[in-house]
Amino acid sequence: MTSRLWPTSKKPLPTAAAITQPTPQELALTGSWTARGIAAVDRQFEAFSRPSGSTLLIDGTNIEALDTAGAWIVQKLLFRLRKNSVVVEIRGLRPAFARLLELIGQEIGDQPAAPSPAEPPGKLENLGRSSAALLEQSLALLAFIGECTVALGRSLANPARLRWRPILFNIRSAGFDALPIVGLLSFLLGVVVAYQGADQLRQYGANIFVADLVGLSMLREFAPLITAIIVAGRSGSAYAAQIGTMAVTEEIDAMRTIGIAPLEMLVLPKIIALLIALPLLTVFADVLGVFGGMLMARAQLAVSYAEFLDRFVKNVSVTAYLIGIGKAPIFAAIIVTIGCFQGFRTHGGADSVGRQTTRSVVQSIFLVIVADALFSVAFSALDL
Amino acid sequence: MTNADPSDTTVIEISQLTTRFGEHVVHAGIDLQVRQAEIFALVGGSGSGKSTLLREMILLQQPESGSIKILDVELENITDVAALALRQRWGVMFQHGGLFGSLTIKENIGLPLREHTGLDDALIDEIAAWKLALTGLKPEVGAQYPAELSGGMMKRASLARALALDPELLFLDEPTAGLDPESADEIDQLIRKLRDLFGLTVIIITHDLDLLWQLADRVAVLADGKVQGVGSMSQLAEQTHPAIRKFFDGPRGRAVQQQAAAQIHAPTGMR
Numbered sequence: 000m001t002s003r004l005w006p007t008s009k010k011p012l013p014t015a016a017a018i019t020q021p022t023p024q025e026l027a028l029t030g031s032w033t034a035r036g037i038a039a040v041d042r043q044f045e046a047f048s049r050p051s052g053s054t055l056l057i058d059g060t061n062i063e064a065l066d067t068a069g070a071w072i073v074q075k076l077l078f079r080l081r082k083n084s085v086v087v088e089i090r091g092l093r094p095a096f097a098r099l100l101e102l103i104g105q106e107i108g109d110q111p112a113a114p115s116p117a118e119p120p121g122k123l124e125n126l127g128r129s130s131a132a133l134l135e136q137s138l139a140l141l142a143f144i145g146e147c148t149v150a151l152g153r154s155l156a157n158p159a160r161l162r163w164r165p166i167l168f169n170i171r172s173a174g175f176d177a178l179p180i181v182g183l184l185s186f187l188l189g190v191v192v193a194y195q196g197a198d199q200l201r202q203y204g205a206n207i208f209v210a211d212l213v214g215l216s217m218l219r220e221f222a223p224l225i226t227a228i229i230v231a232g233r234s235g236s237a238y239a240a241q242i243g244t245m246a247v248t249e250e251i252d253a254m255r256t257i258g259i260a261p262l263e264m265l266v267l268p269k270i271i272a273l274l275i276a277l278p279l280l281t282v283f284a285d286v287l288g289v290f291g292g293m294l295m296a297r298a299q300l301a302v303s304y305a306e307f308l309d310r311f312v313k314n315v316s317v318t319a320y321l322i323g324i325g326k327a328p329i330f331a332a333i334i335v336t337i338g339c340f341q342g343f344r345t346h347g348g349a350d351s352v353g354r355q356t357t358r359s360v361v362q363s364i365f366l367v368i369v370a371d372a373l374f375s376v377a378f379s380a381l382d383l
Numbered sequence: 000m001t002n003a004d005p006s007d008t009t010v011i012e013i014s015q016l017t018t019r020f021g022e023h024v025v026h027a028g029i030d031l032q033v034r035q036a037e038i039f040a041l042v043g044g045s046g047s048g049k050s051t052l053l054r055e056m057i058l059l060q061q062p063e064s065g066s067i068k069i070l071d072v073e074l075e076n077i078t079d080v081a082a083l084a085l086r087q088r089w090g091v092m093f094q095h096g097g098l099f100g101s102l103t104i105k106e107n108i109g110l111p112l113r114e115h116t117g118l119d120d121a122l123i124d125e126i127a128a129w130k131l132a133l134t135g136l137k138p139e140v141g142a143q144y145p146a147e148l149s150g151g152m153m154k155r156a157s158l159a160r161a162l163a164l165d166p167e168l169l170f171l172d173e174p175t176a177g178l179d180p181e182s183a184d185e186i187d188q189l190i191r192k193l194r195d196l197f198g199l200t201v202i203i204i205t206h207d208l209d210l211l212w213q214l215a216d217r218v219a220v221l222a223d224g225k226v227q228g229v230g231s232m233s234q235l236a237e238q239t240h241p242a243i244r245k246f247f248d249g250p251r252g253r254a255v256q257q258q259a260a261a262q263i264h265a266p267t268g269m270r
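Each protein sequence line maps, in turn, to chains G and U.
According to numbering that gives the first Met the number 0, the first sequence is numbered sequentially starting from 0.
According to numbering that gives the first Met the number 0, the second sequence is numbered sequentially starting from 0.
A few of these clues could be false.
Unchecked claim - Okay, derived cross-link-like pairs now, PhoX-like style, lysine-lysine, Cα gap no bigger than 25 Å in a straight line:
{"id": "1", "chain 1": "G", "residue 1": "Lys75", "chain 2": "U", "residue 2": "Lys68"}
{"id": "2", "chain 1": "G", "residue 1": "Lys75", "chain 2": "U", "residue 2": "Lys192"}
{"id": "3", "chain 1": "U", "residue 1": "Lys68", "chain 2": "U", "residue 2": "Lys225"}
Keep in mind that the hints were calculated from the coordinates and are not lab data.
Put together the whole structure using the sequences plus the hints.
Structural data, given as structure tokens:
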């Protein structure tokens with residue numbers, strides 16, 4: 000710190016704390032003994048010792064400033080020396096400093112030993128604990144899915160209870176607002192698929208098959224998957240963060256005490272909204288993906304738009320389209336369930352919100368891909 | 000009431016301060032002086048701008064015009080270096096603690112020391128443990144996380160963190176709100192002890208009538224964007240402004256006033 004910082008300050012610049020030992024029986028402390036200046040003298044103190052039975056005189060006349068950190072290290076030294084039966088006398092301290100030193104002295108002698116940190120758990124214990132946690136979480140998830148299903152069933156049986164305003168709001172925020180990013184990414188995906196296929200197809204002169212390639216892969220797999228992944232990252236995380244923050248600020252508890260079921264208020268609108276929005280987004284992704292492939296087919300393989308569409312209509316079945324769309328509601332259910340579930344499991348503070356949000360995104364993307372793989376197996380078994 | 004270090008040095012000087020949120024005028028020319036080693040309370044109804052004033056004093060917000068001088072440093076156009084130096088000379092205890100959720104209580108208290116001094120970790124832990132004990136918390140609390148603590152314990156931990164660097168100035172936002180009477184009394188005594196011991200200047204925002212009567216050397220009442228009165232509680236008791244009368248009339252105000260009159264005679268005696 001330089002003096003220029005406080006141009007009007009009347010205080011002189013603090014000098015660093017220092018120790019001098021004019022004679023073996025004497026220690027002179029000088030300078031400002033505050034937290035910012037005592038790091039060096041603390042180490043000197045640690046190393047300082049006197050033979051037991053001897054005397055020591057500490058001269059504090061030239062101490063300019065003393066705070067608790069400074070007093071602490073002085074008292075620590077005194078305590079250590081006195082335990083070693085060294086007779087220590089302090090003199091020359093200002094009254095205020097002496098009082099502070101005395102106050103610290105009362106504490107330091109009977110300071111309870113810090114509770115020793117618990118033994119780090121062994122490998123087996125860790126394995127057991129994480130298994131138990133995993134099991135507990137799976138059971139809780141199962142219970143949550145059950146509760147949601149019951150709540151959904153009850154609401155559908157009595158549609159007047161449905162909260163349409165949040166449903167529409169969620170359709171807009173999770174669906175409509177996601178159109179640009181979903182459209183752009185699936186368009187690029189279509190371009191990439193066609194581009195990668197182009198080389199192979201050209202070698203066999205099978206240029207026109209690019210329509211089959213792009214059509215089938217986009218409609219069946221890529222469009223639903225990329226849409227679900229984007230929405231999981233975009234909206235699933237938002238669900239977890241929103242509900243998690245509400246849990247931390249006791250809003251969820253407040254809702255319960257007022258007599259509003261949090262599931263009905265927070266989860267159902269999201270489920271219904273995404274069940275509607277995700278299939279629609281998937282259709283949009285289908286269109287943009289195929290369009291991207293079509294552009295690339297003309298640029299790379301000289302397949303005109305008319306030829307492409309002709310082939311596309313003939314060879315890409317409606318089944319492929321419906322299979323793709325059919326996956327979307329399942330993905331939607333996974334995303335909302337995981338997002339809200341992780342949100343509700345938040346407890347503690349801001350830290351926990353972050354952790355649960357991360358978890359919700361990782362788990363929902365993971366489960367979406369697992370579900371997609373299971374669909375592939377099922378469809379191939381069914382010859383679809 | 001004893002004043003350990005009577006001094007006429009002014010540590011905070013606010014003059015002609017105005018603050019506006021859009022059309023809404025929060026402060027319309029506030030003048031205040033806080034003297035060294037006094038316990039100064041800032042009171043006022045909801046929305047009277049006392050929290051805003053606190054935020055402006057601790058460099059979290061900029062007033063529209065007027066000047067604030069803290070420890071002889073003018074806050075307007077303060078440089079980053081000067082601001083950092085100034086921030087190490089005060090401690091702030093926020094209403095809801097403001098403890099970092101990802102750190103244990105001991106780490107929270109030791110954080111200012113770790114950031115701003117070169118002390119050894121072991122020494123920092125010892126000092127943190129002592130500050131913890133000073134605020135009346137058990138040593139076990141040090142290893143806990145803020146989320147595991149009750150509201151009162153959070154306040155104490157927050158106070159311990161505010162005291163980490165032995166500040167010259169202590170800002171307390173509602174130090175006793177939400178505490179049981181016993182804890183509130185302990186906080187009262189702790190604040191007085193700190194003032195007597197270190198010559199600490201304490202600025203408190205509060206609604207706690209007990210605290211105002213028992214602890215505050217001077218009280219400033221904020222209303223309608225202005226300071227309507229400054230003085231000890233017994234001095235203010237003689238004033239007639241409606242914003243001030245609120246603290247004395249009404250069942251609570253009267254009860255505390257009688258109690259205070261019975262306990263301590265004329266807290267004005269210190270000046």
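Outcome of the hint check:
1. G:Lys75 x U:Lys68: Outside the cut-off at roughly 38 Å; violated.
2. G:Lys75 x U:Lys192: Cα-Cα ~23 Å, so holds.
3. U:Lys68 x U:Lys225: holds, 18 Å
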